[in-house]
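> Starting from the known structure of chain A, fit chain B onto it as the hints suggest.
Number of protein chains: 2
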Amino acid sequence: MKLSKALMLTMREVPAEAEISSHQLMLRAGLMRKMASGVYNYMPMGLKALKKVEDIIRDEMDKAGAQEFLASALIPAELWKESGRWDTMGPEMFRLKDRNDRDFCLGPTHEEVFTDIARNEIKSYKQLPITLYQIQTKYRDERRPRFGVMRSREFVMKDAYSFDKDSEGLDISYNAMYEAYKNIFFRCDIECKAAEADSGAMGGSGSAEFMVKSEVGEDDIVFCSACDYAANIEKSPATAEVMKKEELKNLEKIHTPNAKTIEELVSFFKVDSKMFAKTLIYKIDEKVVGVMVRGDREANEVKIVNALGGAVEVELADDKTVFDATSAKTGFAGPINLKVDELLVDEEVSNMYNFIVGANETDYHYTNVNYNRDFTGKVGDFRKVTEGEKCPKCGAPINIARGIEVGHIFKLGTKYSESMNAVFTDQDGTQKPFIMGCYGIGVNRTLAAVIEQHNDENGIIWPLEVAPYQVIVVPAVFKDEVQMKKAEELYDALKAIGVDVILDDRNERAGIKFKDADLLGIPMRITVGKKIAEGEVEFKLRSSADLEVIAYDKVIDRVKEEFKKI
Amino acid sequence: MKLSKALMLTMREVPAEAEISSHQLMLRAGLMRKMASGVYNYMPMGLKALKKVEDIIRDEMDKAGAQEFLASALIPAELWKESGRWDTMGPEMFRLKDRNDRDFCLGPTHEEVFTDIARNEIKSYKQLPITLYQIQTKYRDERRPRFGVMRSREFVMKDAYSFDKDSEGLDISYNAMYEAYKNIFFRCDIECKAAEADSGAMGGSGSAEFMVKSEVGEDDIVFCSACDYAANIEKSPATAEVMKKEELKNLEKIHTPNAKTIEELVSFFKVDSKMFAKTLIYKIDEKVVGVMVRGDREANEVKIVNALGGAVEVELADDKTVFDATSAKTGFAGPINLKVDELLVDEEVSNMYNFIVGANETDYHYTNVNYNRDFTGKVGDFRKVTEGEKCPKCGAPINIARGIEVGHIFKLGTKYSESMNAVFTDQDGTQKPFIMGCYGIGVNRTLAAVIEQHNDENGIIWPLEVAPYQVIVVPAVFKDEVQMKKAEELYDALKAIGVDVILDDRNERAGIKFKDADLLGIPMRITVGKKIAEGEVEFKLRSSADLEVIAYDKVIDRVKEEFKKI
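From first to last, the protein sequence lines stand for chains A and B.
Numbering-wise (the UniProt record's numbering), the first sequence opens with residue 1 and increments by one.
Numbering-wise (the UniProt record's numbering), the second sequence opens with residue 1 and increments by one.
Next up, chain A with everything else stripped away, as it sits in the complex (with noise of 0.2 Å):
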């Protein structure tokens, strides 16, 4: 591509919408352009970037043995009744009617729609195992669509579904995505880490997401200091900390004014927040439900709504729900005499002694309280696990850091094929469901993500395989016609031997090529100057701050060096 001719987008300024380096950068290299809230145009650059990422997942999807669909992205409500996600999709998912008032949903996701492709076109055990996948634009009407295309209203997403006669096929099925998105990320140079995820709420066996750290990640994620082991703090184990065991002392209520977060009754009793259970009043569905955690823990939702064999919606209970279930304003609940559906009680609670909880009456608490004498409730794993606690896997301290979900591989099991009736006949002449897995990259994610870790004060720094551009041959300066002829060569060397390459033939001070060159990150620079007089000209890595005079006939060797390392 010549510059001359090229819409060329780059802007100096960083622009006031944008609050990460990945949403700057994309819109200062004039990577995209915001169409809507949420919705993005793609600007040549930014589509070759994109398409390099296509490209990456759309090979190693082949090498693992998937085949590549494309699915509309209408798609009639009938499917997604069947699965019954029409009524329980909320409004994540853009709804439309056609001319004759028929209902429609853009794909926010397509399980419903291979589960459907499986059923009409795969009878025998004989044609599985199958993985399908497509790269295709999927829409999702986020409530806070932000930081850029990391999360967008319409996005293009690699998604592949898994077909197989039994769980160990799932197994295996499953084992080579898990291997392919590796690669992926690896190609990508994206440090990124698998973590195991819940399941429980989409009804599979197996989950995990491949997290990229980031500070402005909406997962916090929880990963060993000495072992490989990561997960969603939503799916980590926690476990429960031994108290020293004490004698029971006798149940007292205290009068506390006022005194109602864990903090005003430290302050008030003048204990640890550790000698405290919190009973937090939840409405999950129709039911409430009370769940207890030690003073100084957090529950964790997911942990409660698979316990409660999976639930739509789940939110803290208003004012009014609190008192009917507790006869005490908010900040007074307690175990004891408490009027809920289901009380869940974190292991932790259960474990320890003469601690002290709400009294269910405004302006009072009970201390001295013990599990078992003065209450019981169902008890188990209800709470997130904190930083520096011990590694579910080898025992050493865990640390907790925000991460971006760019990949998400799940075995779903029979949760699709079992509600839309898509069956196989087996060997055995039985009909049975197929086993499904289902297999998500966010490709403008990923696309983002790479840009996010692969930068400095200047601008974008590609790693060579995503790169759009892979060189870029700068002539200093535009009046020198030597200089220009000699750059004009190199181009078209280089794009003969299929680099793609990029000439700055503009009439512009070097100055500003060279800004301009550092902000789009192309991986390397060649700058025909001055010293084509002796024949050499300047070669330069846009990862490093090294310059290198090469001889002019050596400059094509020197770049396919650098692919040699790919």
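No wet-lab data here; the hints were simulated from the structure.
A couple of the hints might just be wrong.
Identical chains blur together in the list; that is why a pair holds if it fits in one copy or across any two.
What the hints assert, rightly or not - Calculated pairs, SDA-like style, for lysine to any residue (alpha carbon to alpha carbon, straight line, at most 20 Å):
no.	residue 1	residue 2
1	Lys97	Ala77
2	Lys138	Asp103
3	Lys51	Met157
4	Lys244	Thr367
5	Lys138	Met35
6	Lys5	Arg58
Only a predicted model underlies this, so the values are computations on that prediction, with no experimental measurement involved.
Below, chain B alone, put in the same frame as chain A:
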């Protein structure tokens, strides 16, 4: 691809839902499946062919200097309100609201979006000319989706938009696209004509449709039998027949009970249909318009609308409106004492002598009517040309055939840049609106057109450049280990040199494999059978009945020979 591991979707029966051969064959060969009316999922083989078409288009667009973009399908209503099309686009446009009740459409076309991009990103004449294109999914809620992907509601389109500083520039941009389109359809091996098309309603100044002749086409195309003239019948100018001069006779009112149609009048008056002039009453937006054409001619609504300076709604008036205009039942309208907002008179009618028209009185007609003496109106070309009339370019007789539009190029001029205030600073320092062109290709429809033109009773016959796979290697006997081994080696060798090759390693009889290979339409078939004992294989082109017996080590050269013909 090894067929034993692929989802094999061929069908022996002709599906009842499909009327035309491309639709039937796309279903039978398993290229696609219906998701909903006018909405299709592409299966692996179909997607591969679709991508071959996309690659050809991309290649020719890039060669023509166009730059690839990717705009969103979701478009905010505001843009369409600026151009005025939010209100004028009918139910063909899918509309939806987001969770905040903001209006969006699913883009049926992207003039507004690209005009918006240009006004934001192109500031100076120095940046011009620029042509942007995308290969992107479009949505049109067709009233009658049919013929498979020929007329569907979700489809892939290549749309391009050019921006120039003056009309000479637009001519150059337009011609570059014209040449690119010719190359694209040539490489797809589609026989098609670039037909002059109407551009009036869109406000442009030049337009050509790339039309494929087809029985099921929805447009009538005028072809010259001698020169290269071709035009949409909407556009093709009609030359008024010169009638023999006669002396003007006296007007007479004749009682013509129940004679309303031209056929009825011909049999009543016992004269040729050329002796009549029909007066059609149209409702055009808010106006009532009378249109007169000779009895044997058909009115041309596009010419009529252009004469009125454009319109949104055009329909023949209902009986009530006809009665208000004529004081008579429908069928007796005529130009004398007609109460309409405008009367359009086809030039041919103005040349006639002593002809017959409706009397604006139920069951009466006038004879010996003459233009000027008895009535006047706006004279012009308001009719469709007919088979055998003179070519407007060379005078030879014309033919008329049905055609399907696969591409359309269009000089838009300033229609969008003016309404949306998209301007640049010209060399003289003044602000000027961009001079625009737009250029579309229906990608799925092009694929269907390829099949429509390349098939026989056994299946598809892919042209080499569009074929999803170019070679199929068939071991004749599944259980013959030598055949299987040699076939596999050949498969690997072809793959290694970049050929898209299928190995039919299924445990099926050779006859079934041959039938599937024919149905799939793979251009070259290599059969590894008994003759492999003598080191020989069979080579067959799908397009020919000949079987060539070739030495095993020479067959790759034979394959390469075919590639050289591209």
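> Give me the numbers of the hints this structure contradicts, sorted from smallest to largest.
Of the numbered hints given earlier, the structure breaks none, since each of them holds.
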